Each structure stands twice: as structure tokens, then as C-alpha cells.
Amino acid sequence: MSVAGLATGSGAMSADRRATYVSVILMAALTVLAFASLTLGLEAISPGTLWSVLSGNETGDAAHIAELRWQRFATAAGIGAALALSGAILQTALRNPLAEPGVIGLSSGAALAATLVMLATTGYVATWQISLAAIVGSMAAVAAVTLLARSPNGVQPLRLILAGIAFSALAGAVITAATLVGPPHRLPRLLVWLSGDLNGSNWADLRLIWSVLLIAAPLIIVTMRRLDVAMLDPISGAGLGNRRGITLMLSLFMAASLAGVATTIGGIVIFVGLIAPHLAHRLVGPVNRRRMPVAALTGALIVAGADLFGRLLDPPTQLPAGLICGVIGAPFFFLLMRHRNG
Amino acid sequence: MADAILRAHNLGYAYPKSRPLFRDVSIDIAAGKATAIIGPNGCGKSTLISVLAGIIRGDSGSISVEGTPVSRFRARDLARIIGVLPQRPEAAEGLTVRDLVALGRIPHRGFLSTWTRADEDEVAAALDAVGLEAFAGRALSSLSGGQRQRAFIAMVLAQQPRLLFLDEPTSYLDLAHQLRILRILEDLKSRRGMTIVAAVHDIAQAAWFADEIVVMKEGEIVASGPPEEVLDEALIAEVFEARVRIRRDAETGQLIVVPLGLVEKPSIVRAISA
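So the sequence lines, in the order shown, correspond to chains A and B. Just so you know, we're using the numbering used here here: the first sequence kicks off at 1 and counts up by one. Just so you know, we're using the numbering used here here: the second sequence kicks off at 1 and counts up by one.
Just so you know, the hints here were simulated from the structure itself, not pulled from any lab data. These figures come from a predicted structure and were not determined experimentally. Glycine included, C-beta positions come from ideal geometry on N, C-alpha and C.
If we take Cβ atoms under 10 Å as the criterion, some of the chain A residues that face chain B in the derived model are:
1. R225
2. V229
3. L240
Work out the full structure, taking the sequences as your base and the hints as a guide.
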């Protein structure tokens, strides 16, 4: 089939096939990245040794290092996928390309709650306690922001974003204030956490993020078609029988859960929720059944890649993945915007 | 009218905390006919269409569709009967024509049901009806204004509605594209028996295309009926504040509306010259 034939012929078939190809390529890239993450580092593990570890013949230091690196890689990938899905859901549901867990205040709500728990309690705070606080925090942020954005005609997307920005600013101020007045010995852990560090990821983190993804996946699949309607203007969408309120509420709930848990484990990792869905949109278009999986894979690649990069850049210093994402993400997003306008 | 597909009684609607956009509007939409709603900008045409189509709820009055009060319909069931094309429909960047038209199938698809052969056939039929088969794989943004409008009409057709509301479907289009859209609508009416209600700002076009004309001014219906009964020079002068001459074309019998000038308002003239 010629290029022209592909462009005009059976549109759906070629678009779906293209999305499949893109997903397969991204999965291959993720596999390569997994291999690199397991082998590279301060203690390099040769492919041969890795093979012995995987086949269970090697149980020494190499096995231990490989296990730690796998936990870290899989956690980073899960966080990336969760943030990307959260961003993709928000952008579609709010009909705003700038919507992102960070922008509408979900990450800030999670971070604020986690910060207060870390600073206010005495004694050791377990990760699950912080997680719980962060999830509650991001849900509370959704509730607060939605209430602020309410109008006689329902929740208005633009108001929601403005409310989110206001909420983020407030939460940021409270976090800063808390770090100034909080007990000094608790600050290092908090500061590292806030910048999005994955050092010390463990099986608990890995299980947590992937459980949330596994629970969210069927919900997203069920909501996807309703979300597709949000690609249209509100009147056309309503004309298709879509009750916007329900879709919006369900979407906000999913986005809050995904971003809340991702923030708990990885701290505030910015730009991924913005960049991954945009890249996916460029690769496979706006239809959600094609865009969501590609966004998730892209997000996984970005965060796992950023984490590996931060680990390899200047060992033994470990730069947090969130920091790398911010540094790489800002100019990248700028380029994306320029390219789009041109 | 015995064969009304939609009846609205004493409808009223006001934006929150502002003056009412319309009040006590009663209207019967004749099944299988084309109805044009005309009136000056801001007279409430678009809002009336949104309320009649069940997109927004009126503040007062009642609407029944095929004999059933509209409040008893689930949104999805209503969407299988009524299709709506807004004045400036929008779609996400990068959406292809085919994917757009496929969205029209949403009201017909179950909670988890997959894409079926029937869905595929309806999408193909809708593209065929608007003559866009060859553009199925193209991005909507790469089309001309007229093609875009036809693509959105195809989406609404894939919805298989019996009653179609369109808000100024030919605005912003050149003459050939306007005629093409009107011919599509004519086909839908005569071949499929679809009921069509369109807000139209061109009086002659309304006369040409519609079986019934509804004239609105400041939120009220001031006249309704067949074009030749409703349209007269005095009414147009009153509603649009424009002087026109209405003639009938000798060959085709079509109404021709010749604009002559504005209705002079003495008070304004005095105010300006003073």
C-alpha cells in the first residue's frame, strides 16, 4: 500500500495498526532500558552475570544489587506510567492541554499531606503511612479544588485549573513554612523526598504503584469512550448523550489516585504528566484507546530513564529522578510547544 | 399539528442572574419537515436550539419528544433520537475524519461492547452521505471549512437521529459549500424522513430550504408557518430592522429577498445629528 493509500484508505485500521507498532517499539525500548538499569551502575553487572542471576545460579552480591536495581527500575516505570495516565486523563476530561497533576493541585495536595505527616509525628514514619497521607491529601485537593471551581452550570474546567494553581501556591507556601519551622533532623529525608528520589525503593513501593496501576487500568478502559467525547466541544459532546459531570468526577478520582500514589513514592516528579501525553498525542493522535497505552509507556520510559541517568551521571551521587525530569522536561516542553505552533 | 416529533410548551430560559433569554416559547416541530428558525443576532435562536435538543435544561415549561416528556429519557436514549450540530463545532487537534464520525456511534454502543460491523457500516454510510469517503483518514484540521462542516454532519448522521438540530450550518461557507450542505439536508429529509431544525440567518436561504419558518425576536416567537405565509416585508422590517423587498423568481418560484436599507430610527438619527 502506498503512502497516499495509507493516508486516505481505511483510516481506522491504519491508525490502530500504527498505535500497535508504536506500542511495540516503546515496549522494546523499555526492555532495553530495563537491561541497562540492571547492568549499569557503580557496580557493573555483566550480561553473563545477569543471566546467572535471572536463572537463579548466582545468589551473591550481584543478585542483591540486581534485585535493588530491578525494584528501583520497576518502581520508576510505574510512577512514570501513573503520572502520564493521570495527566492524559486530566487533559482530556478538562479539555485543557496544560492540565497536569501538578497544575490542578493533586501533587501539591499529596506533598502537603506527606510533609505534615513526616514533620509532625515523632518516631519513625513508615512509607505506607506517608502513602496513605498523600493519597488522602490528593483526594482532599481534588475535593477542595472542585468545590472552589463549582458554578451554577457545574464544574468549569477553566475555573478548576485556576483553583488548582491557587491551591498549589498555597500548599507550596505551607510546605516551605513547615520546612522552616519543622524539626531539623527530619528535614533531609523530606527534602530528598520532595525532589522526587527513588533511591531506596523497595518491594513495598513497587507493589503499591503497580497495584494502583492494575486497579486503574480497567477503570480507564471503561471510562475511555466517555472521555473520547471530551475531544469535542461541550455542545457536541452533550449531543452524544454524555453526562459530563459523571465523566469529570470519575476522571478526577482516577487522576487523583494515580498522581497521589506516584507522588507518595517518588515525590513531586514534574512535567511527566504533561510531556508523555503530548508525545503520545503526536505519535498516535487524540483517540484515547490509542493514546492512553502509548502515554503510559512513554511516561514509564521518561521516569525510568531519568532515574538511570541521575544514577549514572556522577556516581556515587544520586540525582533524584524528579530533578532530572524537571531539568530535561522544561526545555523539551518548550521545544514541543514551538514545534506545535510552527 | 398531529404529527409533531417534538412539542415545547411555555419554555423559558435565563442565564443565571440575568434577564431571560426567552420566555413562554411554545413550538411544535413537524415530523419529517424542515424548520428554519430566523431572527436577528442575539434573539435567542442558539439557546432555544440547545434547550429544545435537551443540551441545557430550560427554567420553565415542558418538552416532549415523540410523546414522552424529555425528563423521562436517559441522556443516551435521547441522543439516539436527537442529533445536534452546534454553530462552531470543535474537535481535538489531530483527530481524523473517520475517528470523528465514529464518535457518533457512542449512543448506540453498550457499556463495554466492542466496535461492530453495524457500527462500521453506519460510519461508512454517513461518510458517503456527505461525500467524504475519500477523506476518512485525513486529519480534520487539514480540511477546508466546508469539508469540516460535512465531517461534523457525518458524525451526527452516524448517530442515526430522527430529529436533527443545526445551528447556522452554512455560516462561514462559500456559496458552493452552502448549497452542498443544503442539498445534504434536503436528501436527509426526503430520503430518510429525518426532521430538520436549523437556525439560519439568511432569510432567502431559510425560505428556500424550509417547510416551516419560525421567526424570533428578543426571545419570543413572533411568527411561524410556511415561508410564503410568514415572510413579508413588514415583518422583516419589524424583526430585523431592515427594509427589504420580497419577490418571487419568475422561473423557479423561489422567494428573493432584496435588502434595501436599514429601518431609520428617528430617535437615533436625532441623537446623532444633535
